[in-house]
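Residues in the sequence shown are numbered consecutively from 1, following our numbering.
Note that these hints are calculated values from the structure, not bench results. Beta carbons are placed, not taken as given, at the ideal position from N, Cα and C, and that holds for glycine. Some hints could be false.
[Claimed, not checked] Have a look at the derived ranges for each label pair, beta carbon to beta carbon:
no.: 1; residue 1: Glu231; residue 2: Ala123; range: 29 to 35 Å
no.: 2; residue 1: Arg141; residue 2: Phe87; range: 18 to 24 Å
no.: 3; residue 1: Cys144; residue 2: Val65; range: 19 to 25 Å
no.: 4; residue 1: Gln71; residue 2: Ala40; range: 40 to 46 Å
no.: 5; residue 1: Ala158; residue 2: Gly206; range: 28 to 34 Å
no.: 6; residue 1: Glu231; residue 2: Gly69; range: 36 to 42 Å
no.: 7; residue 1: Ala196; residue 2: Glu36; range: 28 to 34 Å
no.: 8; residue 1: Ala42; residue 2: Pro200; range: 52 to 58 Å
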Amino acid sequence: MSLLWPERITLHIAPDALQLRRGGAAPVSVAGGWAESLAAVAALPRFARVHVTVADRHARYLRLVWPEGIQRAERAAFVAHRFETVFGAGPWVTLADRDALGGVCLAAAVPGALLMALNAWAAARRLRIASIEPAFVADYRRHCRRFRGDGALARLEAGRITLGVWHAGQWRALRSQPVGQADAGAAALCLAALLASLPPEEGLSGGTLYLAGGLPAPDLLPPGWTCARVEEAR
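When you get a sec, could you build the whole thing from the sequences and use the hints?
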């Protein structure tokens with residue numbers, strides 16, 4: 001590996017496998033647990049920087065509203081408490097934009113056991129974990145600059161759809177749910193259900209559904225909505 005032109009290496013924690021984005025490496029099943037699966041990943045150059053993305057099946061997401069008057073130093077504890085309240089004790093490793101404007105932010109969490117296994121694997125092989133991102137967050141971060149006006153992002157993966165809706169520049173709703181077939185039709189149904197859960201005063205009468213992981217199907221969308229495809233950020 002050149003020190004002048006370091007190779008970018010991505011390890012994707014897929015729903016049922018580990019996928020190393022390097023040189024056609026074969027996927028590794030995760031049936032045996034995190035540590036055992038990571039041990040079977042192909043060898044990498046020492047001191048390589050590894051970027052990790054985590055499938056939505058393994059991640060958890062919340063739309064958070066910061067309590068009035070909360071201090072920045074208090075936000076980590078608030079985020080941890082909300083994830084434990086909604087998803088159980090975990091332990092969870094949480095990620096949130098603690099500087100989000102307007103009192104609303106998207107927060108995500110991955111299992112603490114996964115992070116421990118990744119750190120142990122990296123230490124044993126003399127690798128560096130450069131970043132860890134849940135897949136929905138990675139897709140949104142990659143494409144958000146092209147999003148205009150009100151809209152939604154739906155990320156499709158095997159057996160699951162994760163969908164977030166924004167209005168007037170703020171997250172309004174977020175849902176990650178299992179589905180029989182993750183396709184544009186299922187995404188349209190999820191969007192309609194999520195819109196129906198919003199209070200009438202939200203006034204979200206239309207927008208663009210950005211679809212990651214599938215092909216658009218405009219005829220299936222709620223009235224006033226269009227559809228556009230974006231590439232997955234893996």
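Practice task
Return the numbers of the hints above that this structure violates; sort them in rising order.
Solution key: 7
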